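Place chain R on chain C using the hints.
Line by line, the protein sequences are chains C and R. With my numbering, letter number 253 in the first sequence gets 253, and the count goes up by one each step, no holes. With my numbering, letter number 341 in the second sequence gets 341, and the count goes up by one each step, no holes.
Simulated from the structure, these hints should not be mistaken for lab results. Take the hints with a grain of salt, since some may be wrong.
Copies of the same chain look alike in the list, so a pair counts if it works inside one copy or between any two.
Stated by the list, open to error - Here are the simulated SDA-like cross-link-like pairs (lysine to any residue), alpha carbons at most 20 angstroms apart as the crow flies:
no., residue 1, residue 2
1, Lys-396, Ala-111
2, Lys-6, Val-106
3, Lys-351, Ile-21
4, Lys-30, Gly-383
5, Lys-181, Gly-58
6, Lys-375, Glu-361
7, Lys-30, Glu-18
8, Lys-6, Asn-48
9, Lys-12, Thr-39
10, Lys-399, Glu-108
11, Lys-73, Met-11
12, Lys-6, Pro-127
13, Lys-55, Thr-322
14, Lys-30, Lys-355
15, Lys-384, Gln-26
16, Lys-375, Ala-415
17, Lys-169, Leu-304
18, Lys-30, Pro-350
19, Lys-69, Thr-81
20, Lys-401, Pro-40
21, Lys-69, Asp-84
22, Lys-351, Gly-383
23, Lys-30, Met-19
24, Lys-238, Tyr-186
25, Lys-396, Tyr-364
26, Lys-69, Asn-48
27, Lys-12, Lys-69
28, Lys-355, Thr-39
29, Lys-223, Asp-210
Being a predicted model, the structure only gives us computed values, none of them experimental.
Here are the chains, one letter per residue:
There are 2 protein chains.
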Amino acid sequence: MALSKKPVNGMKDILPDEMQIRDYVQQVIKDTYRSFGFTPIETPCMENIANLSSKQGGENEKLIFKVMKRGEKLKIEEAKTEEDLADFGMRYDLTVPLVRYYANHVNELPAPFKALQMGNVWRADRPQRGRYRQFMQCDIDIIGEPGNLAEIELILATTTTIGRLGFEKFEIRINERRILKAMAAYSGFAEEEFDTVFIILDKMDKIGMDGVAEELLKEGYAKESVEKYLALFDAVAKADDGIRYLAKELSGFLDPEVEQNLLEIITSVEGAKTADFQMVFDPTLVRGMSYYTGTIFEIAMPELGAACGGGGRYDKMVGRFTGNDVPACGFSIGFERIILLLMESGFTIPKQPEKAAYLIEKNYPADQLAEVIAKAQAERAAGKQVLVVRMNKNKKFQKEKLAGEGYTTFEEFYADRKGDNYDSVKNA
Amino acid sequence: MALSKKPVNGMKDILPDEMQIRDYVQQVIKDTYRSFGFTPIETPCMENIANLSSKQGGENEKLIFKVMKRGEKLKIEEAKTEEDLADFGMRYDLTVPLVRYYANHVNELPAPFKALQMGNVWRADRPQRGRYRQFMQCDIDIIGEPGNLAEIELILATTTTIGRLGFEKFEIRINERRILKAMAAYSGFAEEEFDTVFIILDKMDKIGMDGVAEELLKEGYAKESVEKYLALFDAVAKADDGIRYLAKELSGFLDPEVEQNLLEIITSVEGAKTADFQMVFDPTLVRGMSYYTGTIFEIAMPELGAACGGGGRYDKMVGRFTGNDVPACGFSIGFERIILLLMESGFTIPKQPEKAAYLIEKNYPADQLAEVIAKAQAERAAGKQVLVVRMNKNKKFQKEKLAGEGYTTFEEFYADRKGDNYDSVKNA
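Isolated chain C, as found in the complex:
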């Protein structure tokens, strides 16, 4: 029986053109993040299933690809639930594995620890256009820095990277989980209602203020609370300085250090930024993951209608592994979105090596082939990309195809049918 040519449902093969751009973008990310002192690390793609099912991953925990037990541990007849059959799971993000890694190796790591991770994650989402079940994430995290130096460096490192990739006029939207909570408390929502309220608020982009009001009322919350809540967003939007306005209005509900903290981040980033972007306070920014405890932020590209990454502070997650909380903050680039935007914009990679193709006639003598290859070796050592291939019957078509792959120089090697000599023809 013939085997299946297709990749598994919802995952994709990466073709040479896209791969070239991915490699280039990864290199820019790596070089830029390294210049900020971030250290590359790697964790296995699988984690113990208990670590992935600890209510830190929100909705993603429902999307885990589970890995079946093996050998004697797999008891199919006795199995009642998935837990009986699976011991490992594919990671759905890089944050949970990072925190486990940190907890495991804390004594071997610098303090604070500035980690860079680039790796695939897996989510068993319903397959849909442009959304894949295996995709690359690029995260930087700072563990062990309680102050906003962490946020400032994370935002500068990420925006410098995005800027180097040619993106302009984007925004870093910033908010604070404590502002989200204070706004809800101020409006009269009970603490156990916050999560649902934030899930609805998160749809503001799509359904607008009226839509949010409608959904909140449908959920059964008091009309008074809903109206007070939305009036507050309205007032912030109209205020000259949303953060200062809210700090005053929410007095009694909000720790005063939040205002100071956010203003410092915004001022420092604006003062040291190297890319073309704006810091924007956005009180409607929610960020889904329940592990965030403080600042949250997102890269928005209004001209492209796209969010291209985000992150925030999660000071309580290390404690889940070690019993002692350690402050932590991270920023994740939406790698796949960035690649898609670059591909759609017809992006070309700067500074490619010169590419030469040697076309060798089929019956070219073997003993002389070594000389041709030695010549290719010398050109490669000097930095050129040299392809040595057999000449096709339709040489013109072959050269057109090679030109399409970026080859600009062609050299042809012919056997001399009359005697011992061979001949080479060069044309650019």
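Okay, now just chain R, sitting in the frame of chain C:
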């Protein structure tokens, strides 16, 4: 309950020191292979389980991490076998996925197609020291080139890479599946016995000629065949030119083109090589995978007692997917072994950027922090690695630790307790 800090059993976290070397080696591999015209590609880490269980992977098929079906497809009560529960599996090598990829995209790919893959593979081996259940493979393959230009380019590309990583005095051992078969046939073994004979022959390194003889006899093969077989290996070892000797001796059993083919490969590689190694004909070389059809080869480092990769020709695998055979040949670097050897040898990475650390006193004024960070930004843009951190109480210890991470320049920023000014101290 506290979560588990350990990675899953048999897999490992990669710490910063090792990661730095891995990144460097990957870069050398990528740059070198690209200069030979190999094109990076990527396939998903999972494949349909049927593709992985098609008898092409030999023993590795017993070591597949299987991925459980999801949602309605998972019927635990009705399940009788593993096949009922799993639909995907983690790839155990990069060759089967490459061939599927080629079959799927042949019309979009150059011909011949020269692929470079670097990616993790998974094997549920019994965990043991230095052997992990997730590990990196680096493969190059040429699909669509029937002649030995493929072998020559694969061997040159791989040895150039190994040489650039600093390895010397290694060997490329080469053999041919057809020589293996002809030697067995010549000695009187039946074709259905070949696989078992080769598995035993493959132990020559470890158990020697006597050990091989003993195991073959224990398997019940005729004493005459066993003696004739081993005498032949003995004679080849004593011959001036093993390939020519065998070609003559095996006349009638061996296609004469095999001799010509191997001699051409050896001559061309020796004539164009840029690294310090020897081509060595080794008639005891077996290579486990049953998909090989012609030349097989291996990198041996006699001084280090290690094999660091191998490959060969597999002309029949594409046909399993498309119905039409296409010639193919590949070479896989033993990436993890190379990393281990480099780590053990105290390898240091050439050409690192200058690393500077800014130490900032705890109560340094926020408004002036922006200036310090802007200065760091300028140094980063100029190619330096700059770390901005809070100054610890024990500054001396902090600087010692940073020096251990490669930081050579330190700059300290103090708040001026008496007034508005701040002060910076620089020391190298």
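Structure-based check of each hint:
In the homo-oligomer, the alpha carbons of Lys-396 and Ala-111 lie at most 20 angstroms apart only across protomers (14 angstroms), although the nearest pairing inside one protomer, at 61 angstroms, exceeds that limit. Taking the shortest alpha-carbon separations for Lys-6 and Val-106, only the inter-copy value of 12 angstroms comes in at or below 20 angstroms, while the best intra-copy value is 43 angstroms. For the homomeric pair Lys-351 and Ile-21, the shortest alpha-carbon distance inside one copy (13 angstroms) is at most 20 angstroms, but the shortest distance between copies (25 angstroms) is not. Taking the shortest Cα distances, Lys-30 and Gly-383 sit within 20 angstroms of each other only across copies (13 angstroms), while inside one copy they are farther apart (22 angstroms).
Proximity of Lys-181 and Gly-58 under a CA criterion of 20 angstroms is satisfied intra-copy only: 18 angstroms inside one chain copy versus 58 angstroms between copies. In this assembly of identical chains, the alpha carbons of Lys-375 and Glu-361 lie at most 20 angstroms apart only when taken from the same copy (16 angstroms versus 59 angstroms across copies). Taking the shortest Cα distances, Lys-30 and Glu-18 sit within 20 angstroms of each other both inside one copy (18 angstroms) and across copies (16 angstroms). In this assembly of identical chains, the alpha carbons of Lys-6 and Asn-48 lie at most 20 angstroms apart only when taken from different copies (9 angstroms versus 29 angstroms within one copy).
Taking the shortest alpha-carbon separations for Lys-12 and Thr-39, only the inter-copy value of 17 angstroms comes in at or below 20 angstroms, while the best intra-copy value is 29 angstroms. Taking the shortest Cα distances, Lys-399 and Glu-108 sit within 20 angstroms of each other only across copies (16 angstroms), while inside one copy they are farther apart (54 angstroms). Proximity of Lys-73 to Met-11 under the C-alpha cut-off of 20 angstroms is restricted to the inter-copy arrangement: shortest distance 18 angstroms between copies versus 29 angstroms within a copy. Taking the shortest Cα distances, Lys-6 and Pro-127 sit within 20 angstroms of each other inside one copy (14 angstroms), while across copies they are farther apart (32 angstroms).
Taking identical chains as interchangeable, the C-alpha atoms of Lys-55 and Thr-322 lie at most 20 angstroms apart only when both belong to the same chain, with a minimum of 17 angstroms there against 45 angstroms between chains. Taking the shortest Cα distances, Lys-30 and Lys-355 sit within 20 angstroms of each other only across copies (16 angstroms), while inside one copy they are farther apart (25 angstroms). For the homomeric pair Lys-384 and Gln-26, the shortest alpha-carbon distance between copies (19 angstroms) is at most 20 angstroms, but the shortest distance inside one copy (22 angstroms) is not. Proximity of Lys-375 to Ala-415 under the C-alpha cut-off of 20 angstroms is restricted to the intra-copy arrangement: shortest distance 17 angstroms within a copy versus 62 angstroms between copies.
For a Cα distance limit of 20 angstroms, the shortest separation of Lys-169 from Leu-304 inside one copy, 10 angstroms, qualifies, whereas the shortest one across copies, 55 angstroms, does not. Taking CA atoms no more than 20 angstroms apart as the test, Lys-30 paired with Pro-350 passes in both settings, with 17 angstroms inside one copy and 17 angstroms between copies. For the homomeric pair Lys-69 and Thr-81, the shortest alpha-carbon distances inside one copy (13 angstroms) and between copies (13 angstroms) are both at most 20 angstroms. Taking identical chains as interchangeable, the C-alpha atoms of Lys-401 and Pro-40 lie at most 20 angstroms apart only when they sit on different chains, with a minimum of 18 angstroms there against 38 angstroms within one chain.
Proximity of Lys-69 to Asp-84 under the C-alpha cut-off of 20 angstroms is found in both arrangements, the shortest distances being 9 angstroms within a copy and 14 angstroms between copies. Proximity of Lys-351 to Gly-383 under the C-alpha cut-off of 20 angstroms is found in both arrangements, the shortest distances being 12 angstroms within a copy and 17 angstroms between copies. In the homo-oligomer, the alpha carbons of Lys-30 and Met-19 lie at most 20 angstroms apart both inside one protomer (16 angstroms) and across protomers (12 angstroms), since each shortest distance falls under that limit. Within a single copy, Lys-238 and Tyr-186 get their C-alpha atoms as close as 19 angstroms, which meets the 20 angstroms cut-off; across copies the closest is 92 angstroms, which misses it.
Taking CA atoms no more than 20 angstroms apart as the test, Lys-396 paired with Tyr-364 passes inside one copy only; the shortest distance there is 19 angstroms, against 68 angstroms between copies. For the identical chains of this complex, Lys-69 and Asn-48 are neighbours both inside a copy (11 angstroms) and across copies (18 angstroms), given an alpha-carbon limit of 20 angstroms. In this homomeric assembly, Lys-12 and Lys-69 come within 20 angstroms of each other (Cα to Cα) only across copies, at 19 angstroms, whereas the closest approach inside a single copy is 26 angstroms. Taking the closest pair of Cα atoms, Lys-355 and Thr-39 come within 20 angstroms of each other only across two copies (13 angstroms); inside a single copy the shortest separation is 33 angstroms, beyond that limit.
In this assembly of identical chains, the alpha carbons of Lys-223 and Asp-210 lie at most 20 angstroms apart only when taken from the same copy (13 angstroms versus 90 angstroms across copies).
Checked against the numbered hints above, the structure violates none of them.
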